[in-house]
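Trainee: Here is how the chains run, residue by residue.
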Amino acid sequence: MNAPASQSSADPTDLFAGFDPATRPPTFEPSDVSYVVEDTPIGRMLLARNASGAMVASSFTPDTAAEDAVLERLSRAVSPRVLRMPSALDDVRHQLDDYLHGRLREFSVRTDLVLATDFQRVVLPRLAQSVHYGERSTYGQLATRIERPSAARAVGAALGANPLCVLLPCHRVVASSGALTGYAGGLAAKEYLLDLESGATPPGVG
Amino acid sequence: MGVRLPPFQHLVDAHWRDVARLAHALAGPVDGDDVAQQAWTQALAAYPQLRSATNLRGWLLTITHRCAMDAHRGRARRAVLHHDPASLAATPPSVAAADATLPDTDLWRRVGALPDRQREAVVLKYVADLDHPTIATALGCSPAMSRRLVSDALATLRKDLP
Numbered sequence: 001m002n003a004p005a006s007q008s009s010a011d012p013t014d015l016f017a018g019f020d021p022a023t024r025p026p027t028f029e030p031s032d033v034s035y036v037v038e039d040t041p042i043g044r045m046l047l048a049r050n051a052s053g054a055m056v057a058s059s060f061t062p063d064t065a066a067e068d069a070v071l072e073r074l075s076r077a078v079s080p081r082v083l084r085m086p087s088a089l090d091d092v093r094h095q096l097d098d099y100l101h102g103r104l105r106e107f108s109v110r111t112d113l114v115l116a117t118d119f120q121r122v123v124l125p126r127l128a129q130s131v132h133y134g135e136r137s138t139y140g141q142l143a144t145r146i147e148r149p150s151a152a153r154a155v156g157a158a159l160g161a162n163p164l165c166v167l168l169p170c171h172r173v174v175a176s177s178g179a180l181t182g183y184a185g186g187l188a189a190k191e192y193l194l195d196l197e198s199g200a201t202p203p204g205v206g
Numbered sequence: 001m002g003v004r005l006p007p008f009q010h011l012v013d014a015h016w017r018d019v020a021r022l023a024h025a026l027a028g029p030v031d032g033d034d035v036a037q038q039a040w041t042q043a044l045a046a047y048p049q050l051r052s053a054t055n056l057r058g059w060l061l062t063i064t065h066r067c068a069m070d071a072h073r074g075r076a077r078r079a080v081l082h083h084d085p086a087s088l089a090a091t092p093p094s095v096a097a098a099d100a101t102l103p104d105t106d107l108w109r110r111v112g113a114l115p116d117r118q119r120e121a122v123v124l125k126y127v128a129d130l131d132h133p134t135i136a137t138a139l140g141c142s143p144a145m146s147r148r149l150v151s152d153a154l155a156t157l158r159k160d161l162p
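Each protein sequence line maps, in turn, to chains A and B. For what it's worth, the numbering used here labels the leading residue of the first sequence as 1, then goes sequentially. For what it's worth, the numbering used here labels the leading residue of the second sequence as 1, then goes sequentially.
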């Protein structure tokens, strides 16, 4: 199939194919969606904000498939102008780092629930208002607070799919038995966050 | 309803090297980076309005070609102001600065000496690896004409290769 090397070197089409100028990737200004993928003490997280600066995603993305899934959702729900732009998220990365090392108790960043369902738009703000740093609640209590006392299971599902993990503190909600139950970042991450906030055990710094 | 467009970053990651190769092949090492950057800026601006996601690579390279042609015209216009116009015809921009930077200077010099449309067509075909319908769109001609331009260019380039 392939021509011998001595012949192919004389073929202009091969010379074109080997053309490799010294160059670098393009650069951009922040656009409709800026994101960064960050290694944190509780796992690999994708952070994204929109053009106005509001956070639209804070998700656990252990692998590129999970990362791509979040980016595809952002592309559809916000804009396909999605760019990797670490510097546009510097303030949030610093806050997150401070929070995860016990130096910050509350985030000062705007959030936009564009990736949330209608039900999540009721549950998540209520959670953020009513369950503070170091406190715990249960799915049932939160269901009662939104005046849907029988919706504990739906509340669990809404928190489980939280598009703004850590920023909206779904880790503070546990089963009525006190069991941690599930967490998008894994139970070890949930335990880390609850220990951190209770101040009981200084979190292991990796 | 609308087209499902992938996140723009995926296009950048997948195609930035191809865009740079085409920009450098058409505009030369001096203007190549600017042309590539300009193509990406234009692509980002137009992206949400795109009607089809089936040939995104071809779309990006078509924009790159157009930016290279704009740079060529801009440079020629500036040059006319300062230099003898007769000197321009002999040195298209891809050749003017080619000397040390391009891998096979002899080939690129002879590519540069091709008629403009042949030069563009052969670069779109073999540097950018585009199919004839896409090349035809970029050049504003028929696919049959694109095939003709490429084969004429290759015939000239092969004529006195070692």
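No lab work stands behind these hints, which were simulated from the structure alone. Here the structure is a predicted model, which means the values were calculated and not measured. Don't take every hint at face value.
From the derived model, a few chain A residues whose C-beta atoms are all more than 10 angstroms from chain B [unchecked claim]: (1) Pro12; (2) Pro21; (3) Thr23; (4) Thr27; (5) Arg76; (6) Ser87; (7) Thr111; (8) Ala128; (9) Ser150.
DEER-style ranges, computed between Cβ atoms [what the hints assert, rightly or not]: (10) Gly18/A <-> Met145/B: 36 to 46 angstroms; (11) Arg66/B <-> Arg136/A: 53 to 63 angstroms; (12) Ser151/B <-> Gly53/A: 32 to 42 angstroms.
Among chain A residues calculated to face chain B with C-beta under 8 angstroms, some are [said to hold, decoys possible]: (13) Phe16; (14) Phe28; (15) Val78; (16) Ser79; (17) Pro80; (18) Arg81.
Even glycine gets a Cβ: it sits at the ideal position worked out from N, Cα and C.
Trainee: For a quick check of understanding: which of the numbered hints are violated here, in increasing order?
Mentor: 1, 2, 3, 4, 5, 10, 12 and 15
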